[in-house]
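Residue numbers (numbering that gives the first Met the number 0), protein chains in the order written: chain E, 0 to 225; chain F, 0 to 267.
To be clear, the hints were calculated from the coordinates, so they are not data collected in a lab. Incorrect hints may appear among the rest.
To be verified - Short derived list, chain E residues pointing at chain F, Cβ under 10 Å:
| id | residue |
| --- | --- |
| 1 | D63 |
| 2 | I66 |
| 3 | G95 |
| 4 | E113 |
| 5 | T130 |
| 6 | L159 |
| 7 | G162 |
Stated by the list, open to error - Taking CB as the label site, the calculated pair distances span:
| id | chain 1 | residue 1 | chain 2 | residue 2 | range |
| --- | --- | --- | --- | --- | --- |
| 8 | E | Y90 | F | A225 | 23 to 33 Å |
| 9 | F | A239 | E | F64 | 37 to 47 Å |
| 10 | E | A119 | F | E214 | 24 to 34 Å |
We put the beta carbon where it would ideally sit given N, CA and C, even for glycine.
Residue strings, one per chain:
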Amino acid sequence: MESRFRVLFLIVAMIGLSGCAATKNLFGFDNESAPPPSAEGPGQVIDPEVERREIKEPAIDREDFEIGAFAGIMSIEDFGSDIVYGARLAYHITDGFFVEGTVGRTEAGLTSFEVLSGGARLITDSQRTLTYYNLNLGYNILPGEVFIGEGRAYNTNLYLIAGLGSTRFAGDDRFTVNFGAGYRFLLTDSVALHLDFRDHLFDIDLLGEEKTVHNLEGHLGFTVFF
Amino acid sequence: MSEPSITTIPSTPRLTRSSPSRFGGLVAVVVLQILLAASPLQAADKYRSVAVADPYLELHTGPGRGYPIFHVVDRGESVEIIMQRTDWFLVRADDAKEGWVKREQMEQTLQPDGERVSFERANLQDFTNAKWETGILAGDFGGANIISLYGGYSLNPFVSLEVWGSQILGNFSNGWMGSVNVVHEAWPDWRISPFFTLGAGVIRTEPKSTIIQAEDRTDQIGHVGAGFRIYATRRFLLRAEYKSYVVFTSRDENEEVEEWKVGFAFFF
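This is chain E alone, in the form it adopts within the complex (with noise of 0.2 Å):
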């Protein structure tokens, strides 16, 4: 009996074995399991080749990444404006094109009804919040410099994005097209101040009828490179 579910064993182990081989190393667990070739013993003239390698690639420091935070004046339609502060992550594909998430939050005023009518509210105050994230991509339409007095050169772009995102307002999630320009001021090679104008478009039905309301932002940031 036993013996008979080795035989059992074994077979499914060769068919599976013979199968990983077929797919072309479906799971690819050989190159990394496959020992290297041991031809080589330990030969002393390998040796310098490999350690020369390593001397003659030090890494070379990338800095792709765009970090910083933001702080301005975001308008929400028919609820007055507010500050707004939040942050911002971008990675430099080419010297044109960047992809960019940022987040956001801030807190909606009264409504003019809401003012006139006296005690009336649409809205309770924790759904005030606004709260939303974006995902975009953005390109530098106009790479530049600016001069300072005569000896101070600053890199500039004036860059415009946009992309989609989501905005928690008024107790429900809504999705959110934005767009804008923005322009980035190089006080080093790593670290650069940003000037944004973006408009947040989305539907809201809270006064009625449907409508796609316009929520204009503008802020001043600080970014670094890493």
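Once you've looked at the hints, dock chain F against the given chain E.
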């Protein structure tokens, strides 16, 4: 060019491009410089030094198209590479001038041992063989908007595993979805590479407050799909896909949902 007075570490980032001894700089600039000097800086000998093999190496004022050449380094002289951003390298010449050099020119420089320098650059080969991939897609999920983020790991060029997280934003309900996929590419070396996918996960649905009998629920999902990975440039690819979902609800009938998405991704 005189060194900034705050530090004598030679690797202090450049703040001015030419004769800085005008007047004291802006206060912000000085504060920044102190901040940067205080942060751990790489020692100068860590930088990679290369010799110019072309007749000359052109130093631009910025890392991008259009920035003018303000300095050249002659053949035989050496420069230190301080950093790389996209396809540009910030280098320092012997006379302490710093500028940005294009990749094409950097590849014409020599190692200290006389060998040509080769800088790693992603290509179609890496598109096929890269282990990791991450991207963002957006589209339509049964009439609602969907935004998805995914990360994938290739077991081999043909098969990879992916983890997805999505936010669904609809007129009547919102939700979140997470799933694990197996993706199979039949021709991974093609520039436009078709794939098939199979997966399972969970979906959380939150009906909007204005709908009666609003009740949040979490259901299991299974899906099949197909799509294309399209190599664009460098580490960048475009991706378009269709998935057909079955939502295993607690009611008598299962729901079927169709999803279309497009987006972009990187491999590394």
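Structure-based check of all given hints:
1. D63: holds (6 Å)
2. I66: violated (14 Å)
3. G95: It holds, given that the least Cβ distance between E:G95 and chain F is near 7 Å, below 10 Å.
4. E113: violated (19 Å)
5. T130: At 13 Å from the nearest chain F Cβ, E:T130 fails the 10 Å test, so the hint is violated.
6. L159: violated (15 Å)
7. G162: With Cβ-Cβ at 9 Å, under 10 Å, it holds.
8. E:Y90 with F:A225: 23 to 33 Å: holds (28 Å)
9. F:A239 with E:F64: 37 to 47 Å: At roughly 27 Å between Cβ atoms, E:F64 and F:A239 fall outside 37 to 47 Å, so the hint is violated.
10. E:A119 with F:E214: 24 to 34 Å: Roughly 29 Å apart at Cβ, these two residues keep to the hinted range, so it holds.
Of the numbered hints given earlier, the model fails hints 2, 4, 5, 6, 9; all others are met.
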